[in-house]
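Undergrad: The primary structure of each chain is shown beneath.
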Amino acid sequence: MKKLCVAIALGCAAIMALAGCGAKDNRTSHSVDDLKKNYDFQWTDTSKPILNKDGAKDITFTVFSSKNASALEYGAMDIMDTLFEDTNVNVLWKQVSESVYGEQKTLTLGNHTGIDAIYHAGLSSNEITTYGVKRHNLLAIDEYLDYMPTFKSILEKREDIKKQITSTDGHIYALPRVEEMGLLQNPNLLFLNKAWTEAAIDGGVNIGITKDAVKNGLELNADQMEKLLTYFKNNDMNGNGKKNDERPLNFVWGNWQGNQCDLFGMFGINDNTEHRIIKDGQVTYTVLDDAYKDACNYINGWLENGLIEEESLDISQDTFLSKGKSNPDELYGAFYWWESKTVVTDESHYICCKPLKGPQEAYGGKYKNCQTVCVSNNPEISTGELVFFKGAPNIEVLLAYFDRYYLPEISAQINYGPIGIAFEEEKENGMLVPKDPPAGKTADELRLQNAPLGICYLTAEQWGKTVQMEERAQVRLDRLKLYATPYYDHDKIKPIPNLQFSQEELSTLSRYQTATDNYLRENVLKWIRKGVSDSDWTTHKNKAVTAAVGIKEVTAVYQAAYNRYLGK
Amino acid sequence: MESNSYQDGQVLESEEQAVPASEAESEPNAVQAEKPSFKVRVNELMKRIKYSNFGRNFRKNWTYLLFLIPAVVVTFIFAYIPMYGLLIAFQDFVPGDNILNGAWIGFDNFTEFFENYVFWDLMGNTFLLCILGFIIGFPLPILVAVMLHTTKNKKITKFLQTVFNGPHFISLVVLVGMLYLFFGRYGLVNNIIESAGGERYMFFLEKGAFRPMYILSSNWQDFGWSSIIYIAALSGVEQSQHEAAQIDGASRVQRILHVDIPAIMPIISVMLIMSIGGLMGVGYEKVLLLQTDGNIGVSEIIATYVYKQGIQNARAGYATAVGLFNSVINLVLLIIANTASKRFSENSLF
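Going down the list, the protein sequences come from chains A and B.
Start counting the first sequence at 1; every next residue gets the next number (this note's numbering).
Start counting the second sequence at 569; every next residue gets the next number (this note's numbering).
Since the hints were made in silico from the structure, they are not lab data.
Capping the alpha-carbon separation at 27 Å, the derived lysine-lysine pairs in DSS-like fashion look like this:
#1 B:Lys775 <-> A:Lys530
#2 A:Lys243 <-> A:Lys211
#3 A:Lys543 <-> B:Lys775
#4 A:Lys157 <-> A:Lys48
#5 B:Lys854 <-> A:Lys526
#6 A:Lys279 <-> A:Lys163
#7 A:Lys134 <-> B:Lys876
#8 B:Lys775 <-> A:Lys541
#9 A:Lys163 <-> A:Lys134
#10 A:Lys134 <-> A:Lys152
#11 A:Lys48 <-> A:Lys152
#12 B:Lys876 <-> A:Lys552
#13 A:Lys435 <-> A:Lys341
#14 A:Lys390 <-> A:Lys37
#15 A:Lys48 <-> A:Lys465
#16 A:Lys530 <-> A:Lys543
#17 B:Lys876 <-> A:Lys526
#18 A:Lys366 <-> A:Lys530
#19 A:Lys37 <-> A:Lys57
#20 A:Lys541 <-> A:Lys492
#21 B:Lys775 <-> A:Lys526
#22 A:Lys233 <-> A:Lys211
#23 A:Lys368 <-> A:Lys530
#24 A:Lys215 <-> A:Lys325
#25 A:Lys157 <-> A:Lys494
#26 A:Lys543 <-> B:Lys876
#27 A:Lys341 <-> A:Lys325
Over the 12 Å line for every Cβ pair with chain A, so calculated as not near, a few chain B residues:
#28 Phe606
#29 Lys607
#30 Arg609
#31 Leu708
#32 Leu711
#33 Leu716
#34 Ile783
#35 Gln789
#36 Trp793
#37 Gly817
#38 Gln822
#39 Pro830
Just so it is clear, CB atoms sit at the ideal spot from N, CA and C, and this is done for glycine as well.
Produce the entire structure from the sequences given, and follow the hints as far as they go.
TA: Structure follows, in structure tokens:
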């Protein structure tokens with residue numbers, strides 16, 4: 001009995017001891033003067049090392065980060081070796097897979113002993129406010145901007161970036177990723193099957209255009225498109241003997257690109273998946289516009305007649321892509337997507353069209369000149385990429401180190417992969433030139449494996465000067481310039497930038513967001529599938545602005561934040 | 569049983585303690601007018617415990633009680649210690665805060681939830697999903713067990729039982745994947761519907777299809793597994809009772825109704841109480857996997873709301889409050905079911 005008691009007591013003691021000895025941070029923090037004296041700390045000249053060799057030995061940093069499954073450990077990446085050689089800053093990466101990171105993020109933010117920073121943090125503005133403004137766990141980076149010459153000059157040049165990353169208390173808690181290629185604003189492009197269209201014209205579909213006109217940049221109105229799609233539906237276009245396996249018009253409902261939103265452009269609505277946009281400086285919900293009702297009813301007509309493949313409403317991206325590629329017979333008559341190459345086997349079979357024009361006679365010709373596109377709220381600046389913890393030792397050195405990531409050539413290598421793998425060793429006209437991937441590997445695979453991604457600064461001024469754009473991006477950019485960007489009024493319609501909310505605003509948002517999101521998700525789909533009657537529409541317009549849905553409250557919060565962003 | 573005798577012992581012990589304590593005080597006052605020393609009092613107490621019912625029981629059964637230790641320790645560590653985390657339901661909690669010393673906000677989280685417009689929708693959706701699942705899912709395993717038990721060919725019984733157990737081991741994600749394959753627009757079910765002359769039906773976008781799909785797939789997955797306990801109970805029915813009934817001329821159905829069912833009634837009522845106690849405790853995973861824009865009006869339940877608020881919006885305190893509220897409902901249901909069962913059938917959990 002006595003022995004047993006002792007055993008239990010010992011066991012308990014062991015458990016207590018284990019629980020008690022969390023990791024302790026034993027690293028010493030040096031003052032900047034000490035760092036300068038002992039380790040030749042310098043940050044002004046970005047071409048010279050930040051520390052000397054002793055510094056590389058004595059001072060280490062631990063950065064927590066998620067990485068995608070196919071990426072190498074960051075410590076084993078060429079670009080990280082290059083950075084270490086250039087700076088003598090020794091960064092140890094503590095990495096978890098992306099799938100695990102979601103759970104570990106909160107834990108790490110709560111208890112960050114021994115961790116100095118989180119790379120690929122992916123913090124929402126809500127989280128930045130919670131951990132930065134409210135609990136002061138995060139380092140206010142703006143107080144150390146002097147140690148970050150590159151980043152500081154970026155902020156001086158780009159007031160808009162500064163505004164997007166500055167929290168409501170005036171501090172900056174996270175470093176951004178800036179990749180401005182101009183690809184994100186209008187996520188969709190309309191592709192049309194060339195052979196099928198020509199066959200339809202041959203088959204007697206009178207849409208007022210000849211076969212010669214069927215090429216990139218074709219402009220169709222809703223009526224013409226309807227005739228074409230009807231023909232696609234009723235005939236065995238791919239000639240496999242089955243009349244009903246053709247899918248006239250396709251998209252992936254609610255996806256971030258290749259979604260349904262461009263269809264609303266026929267009615268002059270710049271919709272996006274959040275249905276929220278800035279119109280004449282006002283935060284506006286597109287679903288309150290009366291044109292939205294007509295659009296829903298019109299699109300519902302296409303859906304009911306099978307002109308829009310009904311599976312588009314609940315198809316997954318993977319199924320969409322495999323349906324486009326795997327079959328020996330082409331199935332898609334037309335589709336909305338980012339590009340055509342990933343969707344179909346032979347890109348040349350599809351032409352890229354201008355946005356559809358509205359119906360010419362229906363609705364009294366009200367929408368006959370409407371022709372616009374989806375304007376998405378996907379910002380090209382992501383705000384919560386890298387955060388530092390308050391009280392991390394020698395943080396000035398780490399900040400100076402990450403500042404190097406914003407140098408153009410480093411940024412390109414962070415984003416695409418190192419010189420020698422992603423870029424040619426030899427520069428062309430002072431530009432980094434993308435290198436062809438070795439046989440059996442795609443550029444995407446190579447990039448995921450060798451590029452850490454994360455914070456970088458690549459803007460319009462770098463493309464064509466320090467870095468040459470990769471080919472696929474260039475193709476898409478050219479198409480956008482012709483078939484999307486000119487089709488909306490850039491002064492009148494603006495996407496919603498990254499906004500910073502105060503704590504009260506955030507609690508208002510979280511109070512109403514579930515109700516608002518669920519209401520819109522449910523109803524927009526219902527209108528498209530079943531149509532919307534005038535009385536339903538009146539009910540909706542009355543209900544949407546009540547507190548039960550909360551559109552009014554959410555709009556007010558966004559408007560206030562947007563006004564602050566504008567500096568009003 | 570052991571825990572019962574333990575509890576009884578405790579009750580007795582405290583009663584006994586109360587009575588002699590007053591005697592012990594009055595005696596020394598009269599004779600010596602001096603309080604007994606601490607050591608004496610402790611000795612007396614030990615003696616009293618030693619000869620009380622509890623002490624006697626304990627000494628007799630301590631080896632058996634020893635076997636309980638792992639269970640008690642595990643329950644304590646994993647069920648009772650984490651319970652202090654419930655405190656964050658009353659706090660404006662941010663991970664990393666000290667739970668015992670957090671930002672107390674009283675019942676604000678609860679008030680916010682009750683005043684939220686989604687409250688009644690969530691309650692209704694959760695309740696309907698659970699109650700319908702319960703109505704179909706509870707009797708089904710009993711029926712299956714009785715069916716299997718009365719089948720004369722034992723080989724077929726064994727085979728069927730194995731087949732029925734199979735689906736239980738399919739993971740949720742795979743199950744939902746199967747649903748998408750079978751019930752998708754170009755899935756097997758729709759192909760059959762079309763070849764029978766019907767219209768293809770969008771199972772995943774129709775509000776009305778969510779509950780049947782969710783409930784029936786869950787029951788399909790679990791009816792075999794849940795019937796195991798009833799089969800075990802049925803095999804304990806004495807054969808002589810059946811023989812007696814047969815001699816009295818009872819038909820097979822009559823034997824089921826008057827011999828088998830009464831025999832497993834205690835198990836049925838215990839299972840009933842337990843499943844009512846867990847009625848509102850539906851998991852969020854499968855609902856979330858089946859959730860689409862089309863059915864979100866009926867598929868947003870308390871569990872998915874907790875997930876969205878707690879994980880996606882990082883509002884741990886609020887989510888805990890909502891979860892706690894859900895657990896309280898469960899507890900109330902459990903107590904109601906238990907009391908009702910005690911009154912009507914004399915079977916109860918506690």
